[in-house]
Amino acid sequence: MSASKPRAPGSAYMNPYLAGVGLGLVLLAAFVVMGRGLGASGAFSAVIAWLMDLVAPAHAAANEYYQGYLEGGTHPLKAWLVFEVLGLAAGALLSGLLAGRVRLSVEKGPRVGNGPRLAAAFAGGMLMAIGAHLARGCTSGQALSGGALLNAGSWAFMIMVFVGGYATAYFMRWQWR
Amino acid sequence: MNAPLYKYGLFGDEMSLVIAFVIGIGFGFFLERAGFGSARKLVSQFYLNDMSVFKVMFSAIVTAMLGVTYLGWMGVLDVDLVYLVPTWYAPQVVGGLLLGVGFVVGGYCPGTSVAALSTGRVDAMAYALGIFAGTIVYGEGYPAIKDFVNSDARGALTLPEALNLPWGVVVFTVVLIAVGGFYGATLVERRFGGAK
Chain A
1 MSASKPRAPG SAYMNPYLAG VGLGLVLLAA FVVMGRGLGA SGAFSAVIAW LMDLVAPAHA
61 AANEYYQGYL EGGTHPLKAW LVFEVLGLAA GALLSGLLAG RVRLSVEKGP RVGNGPRLAA
121 AFAGGMLMAI GAHLARGCTS GQALSGGALL NAGSWAFMIM VFVGGYATAY FMRWQWR
Chain B
1 MNAPLYKYGL FGDEMSLVIA FVIGIGFGFF LERAGFGSAR KLVSQFYLND MSVFKVMFSA
61 IVTAMLGVTY LGWMGVLDVD LVYLVPTWYA PQVVGGLLLG VGFVVGGYCP GTSVAALSTG
121 RVDAMAYALG IFAGTIVYGE GYPAIKDFVN SDARGALTLP EALNLPWGVV VFTVVLIAVG
181 GFYGATLVER RFGGAK
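So the sequence lines, in the order shown, correspond to chains A and B. If you count by the numbering used here, then the first sequence holds residues 1 to 177, one letter each, in order. If you count by the numbering used here, then the second sequence holds residues 1 to 196, one letter each, in order.
It should be emphasised that the hints constitute simulated quantities derived from the structure, not laboratory data. There could be a bad hint or two in this list.
What the hints assert, rightly or not - With a straight-line cut-off of 25 Å between C-alpha atoms, the simulated DMTMM-like cross-links for lysine to aspartate or glutamate are:
#1 A:LYS78 x B:GLU189
#2 A:LYS78 x B:GLU161
#3 A:LYS78 x A:GLU64
#4 B:LYS146 x A:GLU64
#5 B:LYS7 x B:ASP78
#6 A:LYS78 x B:GLU140
#7 B:LYS146 x A:GLU71
#8 B:LYS41 x B:GLU189
#9 B:LYS7 x B:GLU161
#10 A:LYS78 x A:ASP53
#11 B:LYS7 x A:ASP53
#12 B:LYS7 x B:ASP80
#13 B:LYS7 x A:GLU64
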């Protein structure tokens, strides 16, 4: 540890290729054991459908989108993706604890305050949710899982994610640079 | 062995939820190991000074793709039984674009936001609330945009089918693109990596 260069506490990240192969083997296990890929955004949708059904059951029943998660007789939260995302949170926490990286903090660049950063994070989450619904999946379900299965729509989607990201980067320097 | 095991009835729905949790642990573990619980690390991909997102993503895609391909050729895995999300080009292209914008604005994608919030990142909690809000906006707006959402339907479609090329040729091409991309990413990092 050199004293001259301050760095965030916690040990170094894993080699990206090694982490990628690990992630790929987890994905392969999902294909072989379950016959399906990984996902994330679908778990958020199940939670919203469940809450909407609790708060406004008549409204949820009249909406085709919510019904997609509510019909079928099983509880909307008793879903594969919900349990997978709970595992995701547990696995990340385990890795973070082992590396000493768990702490309450806000991820941001040096020029932005907490308030604007949190507002942008909220707005980004909203955009992401709408995009993931149009695309039928997010980076996990489409780019990663569909990418490995050579799914045509997934590859079209993945290219557009990079296009959208690079097109926006210049206008978001205030947050990150 | 006949795989996918679940589709061949080796275990039931209750057991599949336990497996979901275990697979999720592996997923979250490697996301956090790679540094993807940090928004700054993730968005660095789009400022060219840290190409980890590309490296991790394409190592994972190539690993799983080669696994599926070889297990399929060996007759262990029935690839046709692995669920393929159907393709709707137009909404998926628009969705991908929105997701890319949301990635740089918000700092995460849904999976990495869960890894980040469980390791204490407050901005990831705000991001997750944004996902909930966006889901309600989408749900309420669904009747109005339903026609677009379901437009340009192509059914379950793979790249080899869409391009009329043999499966093995496409696999080999993806490996070449990945290896070329890894080399390119290293060059890009060498050029832009030092600048903060």
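The hints, checked one at a time:
Simply put, LYS78 (chain A) and GLU189 (chain B) have alpha-carbon atoms about 44 Å apart, too far for the 25 Å limit, and the pair is violated. For the given pair, LYS78 (chain A) sits about 35 Å from GLU161 (chain B) by alpha-carbon distance, which is inconsistent with the 25 Å threshold. With a C-alpha separation of about 20 Å, the suggested pairing of LYS78 (chain A) with GLU64 (chain A) holds against the 25 Å cut-off. Restraint check: the Cα-Cα separation between LYS146 (chain B) and GLU64 (chain A) comes to about 10 Å, which is no more than 25 Å; the hinted pair holds.
Between the alpha carbons of LYS7 (chain B) and ASP78 (chain B) the distance comes to roughly 10 Å, so the proposed pair stays at or under 25 Å and holds. Using a Cα cut-off of 25 Å, the hinted pair LYS78 (chain A) and GLU140 (chain B) holds, with the two alpha carbons roughly 23 Å apart. At most 25 Å may separate the alpha-carbon atoms for a hinted pair to count; LYS146 (chain B) and GLU71 (chain A) meet this at roughly 19 Å. Straight-line distance between C-alpha atoms of LYS41 (chain B) and GLU189 (chain B) comes to about 13 Å, which keeps the hinted pair within the 25 Å bound.
A threshold of 25 Å between alpha carbons decides the hint, and for LYS7 (chain B) with GLU161 (chain B) the separation of about 24 Å falls inside it, so the pair holds. A hinted pair counts as satisfied when its Cα atoms are at most 25 Å apart, and LYS78 (chain A) with ASP53 (chain A) qualifies at roughly 15 Å. About 31 Å separates the Cα atoms of LYS7 (chain B) and ASP53 (chain A), which puts this hinted pair outside 25 Å; it is violated. Annotation: proposed proximity of LYS7 (chain B) to ASP80 (chain B) holds, straight-line Cα distance about 11 Å (limit 25 Å).
The hinted pair formed by LYS7 (chain B) and GLU64 (chain A) fails the criterion: a straight-line CA distance of about 28 Å is larger than 25 Å.
In this structure, the hints that do not hold are numbers 1, 2, 11 and 13, in rising order.
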